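Protein chains in written order, with our numbering: chain A, 1 to 255; chain B, 256 to 521.
Since the hints were made in silico from the structure, they are not lab data. A hint or two may mislead.
To be verified - Some residues of chain A that are not near chain B, with every Cβ distance over 10 Å (derived):
1. LEU11
2. ILE14
3. GLY16
4. TYR18
5. ARG22
6. VAL92
7. THR133
8. ARG145
9. LEU146
10. PHE150
11. LEU154
12. LEU164
13. LYS165
14. GLY224
15. GLY248
16. ILE251
Unchecked claim - Think about it this way: if two alpha-carbon atoms lie no more than 30 Å apart in a straight line, the pair counts; the simulated DSBU-like pairs of lysine-lysine are:
17. A/LYS223 - B/LYS390
18. A/LYS165 - B/LYS438
19. A/LYS89 - B/LYS439
20. B/LYS439 - A/LYS165
21. B/LYS512 - B/LYS390
22. B/LYS439 - B/LYS511
23. B/LYS329 - A/LYS189
24. A/LYS189 - A/LYS119
25. B/LYS329 - B/LYS469
26. A/LYS189 - B/LYS469
27. A/LYS223 - B/LYS439
28. B/LYS296 - A/LYS89
29. B/LYS329 - A/LYS119
30. A/LYS223 - B/LYS438
31. A/LYS165 - B/LYS390
32. B/LYS469 - A/LYS119
33. B/LYS438 - B/LYS390
34. B/LYS296 - B/LYS390
Claimed, not checked - Simulated restraints, written as ranges between beta carbons of each label pair:
35. B/ILE300 - A/LEU58: 18 to 26 Å
36. B/PRO293 - A/ARG8: 23 to 31 Å
37. B/ASN257 - A/ASP122: 26 to 34 Å
38. B/GLN518 - A/ASN226: 33 to 41 Å
39. A/ASN49 - B/ILE430: 41 to 49 Å
40. B/ALA286 - A/VAL33: 46 to 54 Å
Everything numeric in this text was worked out from a predicted model, so none of it was measured. The beta-carbon is built from N, C-alpha and C at its ideal position, and this holds for glycine as well.
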Amino acid sequence: MSRFPSKRTTLLVIGGAYSRLRSSFIDLLPIIVVIAFFQIAVIREPLPNVADILFGTLLVVIGLSLFVQGLETGLFPVGDSLAGALARKGSVFWLLLFAFGLGFTTTFAEPSLIAVAAKSADIAAASQLIDSTQDSLGSYSFGLRLSVAFSVGLAIVIGVFRILKGYPIHYLIIGGYCCVMAITPFAPKEIIGIAYDAGGVTTSTVTVPLVTALGVGLATIIKGRNPLVDGFGLIAMASLLPMIFVMGYGIIIFH
Amino acid sequence: MNFISEFGSTLLFTLRDVAPIVIIILFFQLAVLRQQIPRLKSVLIGVVHVLLGLSLFLMGLEKALFPVGEAMAKQLSDPSFIVDLGVEYLSADWTEYGWIYLFAALIGFATTIAEPSLLAVAIKAGDVSAGTIDKSGLRIVVAIGVAFGISLGCFRIVTGTPLYLYILAGYLIVIVQTIFAPKKIIALAYDSGGVTTSTVTVPIVTALGLGLAKTVPGRDPAIDGFGLIAFASLFPIISVMAYAQFTEWRTLRLMKKSRSSMQQGE
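Same shape as in the complex, but just chain B (with noise of 0.2 Å):
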């Protein structure tokens, strides 16, 4: 019984959050539009199994995931938990909080493969070019910039090194990638920035800035904890634009090869 009113109301939930969405769309399609939506009793289908799903997975979320992430990234920020790793007192030395960067980096990587959000513009992504983005490796290139984007947020809170010098940084690279970077990949690799960041990563993550401001010494939540998620959104346009690079250079490096192998069997 205690599940079927906790979904329930995660339902309802979800039912609120979609409601202006259907209202939206509807009222195009009835106003301004004034036509039926075509195969309307499959979309409706459809549209009940991303609300069925979407509350499930939220639920799952709120029952397994976020309880056990938060706590660890409490656990591992907590002082005690450092101090007994052999450090004598808590200092803002960067060096000591090894296990943090290899926590935020791992989480970042598995909760962004988890991401719906990222999942679907993939499937898009892969339908659109015909098969030649692939619907996995795209997902594994942005997890891979999410877990150094998040690692290098929290050398960031610890060093306590202002925000907007690394976003910058990150700028500067992204405007010479796209100088460079094969032009199909371009906005693809912007939009794969924003969508890394939803409902799986934010509160793990977010519990982790915050946990990790509290715990060094002389930083403030409210100043240092926050700006991993914009890391989060900014390292996986780097990392999708570099990986296309590679693969462009790859290709055209076999492609010299063949050739010339082709030439000397001449």
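The shape of chain A in the complex, shown without the other chains (with noise of 0.2 Å):
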């Protein structure tokens, strides 16, 4: 490859950029269109700040392009190139210490799911159900991170191993389920929305692309097990098992 890029892969590369913000404002169009919809019909007020809305709107459709350009050539190729190392290394050990760092790592520093631990201190403090002193409200929230962190951690080892065994994902979410409803009777009522919502705001978006790669990416390297059938299921089970964590651990500080 020379240095200088020629007249035609410049071309490729405008043309590449100008088809991913093309599929990209694609992908915000509907926002655009329920908003100046509910506006224009419904609320019936003209929008503040419009120039700043437009130019928050160009940032999105260019920040979500360099996104999906930096997917493809970068982190799904880490999740793809560490599966595959991690396997064929063989040392099971290894392999669910990575899945569980991972899982714990990136949901202890999770941003939405600090602001939600906040802010179910908050619910706990003015249900009286601990004290509303900064120290017990902090211990709290630091707390209930922790206990959604090491669900995820877990979560993603118990996922990894279902892969290495090729057990069928149903019978672990089924399961989990269960387990959910088993254990809502007993919880607090006023954690229970919060643990119900902890599973879907726990996986975020830099996570879910590496942790999908790895899952698809063993599954594609051990034999006899399927890509798509084996390899997707890691979120699903990170969706799952915080909220009989949080819950666990509401029955553990409010009794």
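Using the supplied hints, reconstruct the complex from the two chains, each of which is provided in its own coordinate frame.
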């Protein structure tokens, strides 16, 4: 390859960027239509700061395009190659430790979880389940984050172990559903809503592609596993276990 | 200048979120696997793309979507707006909140289509299935599930019925569907529940839930305001499996039809 891109590759790059921008814009179009419809037909009030909103939308379009571009050249290959290298190393211990580390650390640092945990501490204090001192609020939300992060780490470990063994995913998930339903009657009612929501908010935008690539990569490499049937399901585990752990945390703290 | 400093702080924020992942990956590459990442340069360029893209994306959301979405969720669930629609007084009668259900469904659908995590899973599913799973088709089916889920979740907030009953019913549907759905789709369907609610959807939907719980008489934001995310993570599982069942049924019927018409032709 020459150091200087030829005219043709330059054109290709521009064409690729254009088509990515266009598809990102199409992804955002529904939001624009919904908001415009409700503003014009229902609320009938002019939008404040139209310039800001247009500029922000432009940023979202560019950002989404860059993200998708990086997904395919950065995150997916990293997940794939790690899955491959760990599988070839043949050590189940290191593989599971990696799975736990990935789940635990990314969840503990997840901003939406930090927000939900703080909100939940306020609610618990308002319901006089915990003291409303700064200390007890802090330790409550810290404990909540810790239990969610631990549960996500554990979920990914169980999920990876499942891929290794080839168990069908639905036994695990249906078993998990039964646990959720069995534990709900014993959980304090102030925490049920947060526990059920906690499942959905734990997996961030960077974690999902990595974890998906890890699962699919493992299922591709291990003989007898189908990437579609066995490779997916890690995210599902990571959304289910936090519900059980948050309710368990509520039971232990409030009783 | 303002833009640059804002972008800088968002980028730092993104870096902080990504730091634990980078540390874990580096530790395993260097200490456990003791090898270089293949095609390191292109991977690094890709990671830089992800960081820049995510930062711009988040900044744009903060500037455009979140203020508008949250303001609209508040306006639509505002008592004066509902009274303006011709309702004499605020009540917990669920029929009076029609615009809310419609808004919930539409905004749920629209934000899910823009959700980057779902896009990532859809790309991977398209790759792995060699194109039999259509990327945009999957996202649309998931978004329909979210739309229905959030709309039903708003209905639950208005009526004040217990969350676990809905979730229990949803779980039972999922279990029954799992028995009948094509085996290939099950894992992907379960996964599509968890990825629907992240960056774009959560803030707007949370604002909608808390606003609604504050407005409807007799509801406690602390207890009734949460749970929309749970709906949004459950119903895509049902819609994805339902769609897979539908396409399987249609293919079977088409095959039967063509077989019987071939027999008639003979």
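A/LYS223 paired with B/LYS439 [C-alpha distance capped at 30 Å]:
Holds: A/LYS223 and B/LYS439 sit about 17 Å apart, inside 30 Å.
Could you tell me whether the CB distance from B/PRO293 to A/ARG8 stays inside 23 to 31 Å?
Given range 23 to 31 Å: holds, Cβ gap about 27 Å.
Quick one: work out the minimum CB distance from A/LEU154 to chain B and report holds if it exceeds 10 Å, violated otherwise.
holds (15 Å)
Proposed proximity, B/LYS469 with B/LYS329 (alpha carbon, max 30 Å):
holds (10 Å)
Nearest-CB test (10 Å) between chain B and A/PHE150:
holds (14 Å)
Would the least Cβ to Cβ distance between A/LEU11 and chain B come out above 10 Å?
holds (20 Å)
Given as non-interface: A/TYR18, partner chain B, CB spacing beyond 10 Å
With a cut-off of 10 Å, A/TYR18 remains clear of chain B, as the shortest Cβ separation is near 16 Å.
Beyond 10 Å on every Cβ pair: is that true for A/LEU164 relative to chain B?
holds (15 Å)
Do B/ASN257 and A/ASP122 keep their Cβ atoms within the hinted range of 26 to 34 Å?
Distance hint for B/ASN257, A/ASP122 holds at roughly 32 Å.
For A/GLY248, is the shortest CB-to-CB distance to chain B above 10 Å, so the non-interface label stands?
It holds; A/GLY248 is separated from chain B by about 16 Å at its closest Cβ, greater than 10 Å.
Could you check the hint for me, namely that A/ASN49 and B/ILE430 are 41 to 49 Å apart, CB to CB?
Check passed, 48 Å falls within 41 to 49 Å.
Below or equal to 30 Å on CA atoms is what counts here, so check B/LYS296 against B/LYS390.
This hinted pair holds, its Cα atoms lying about 28 Å apart.
In the structure shown, no violation is registered for any of the earlier numbered hints.
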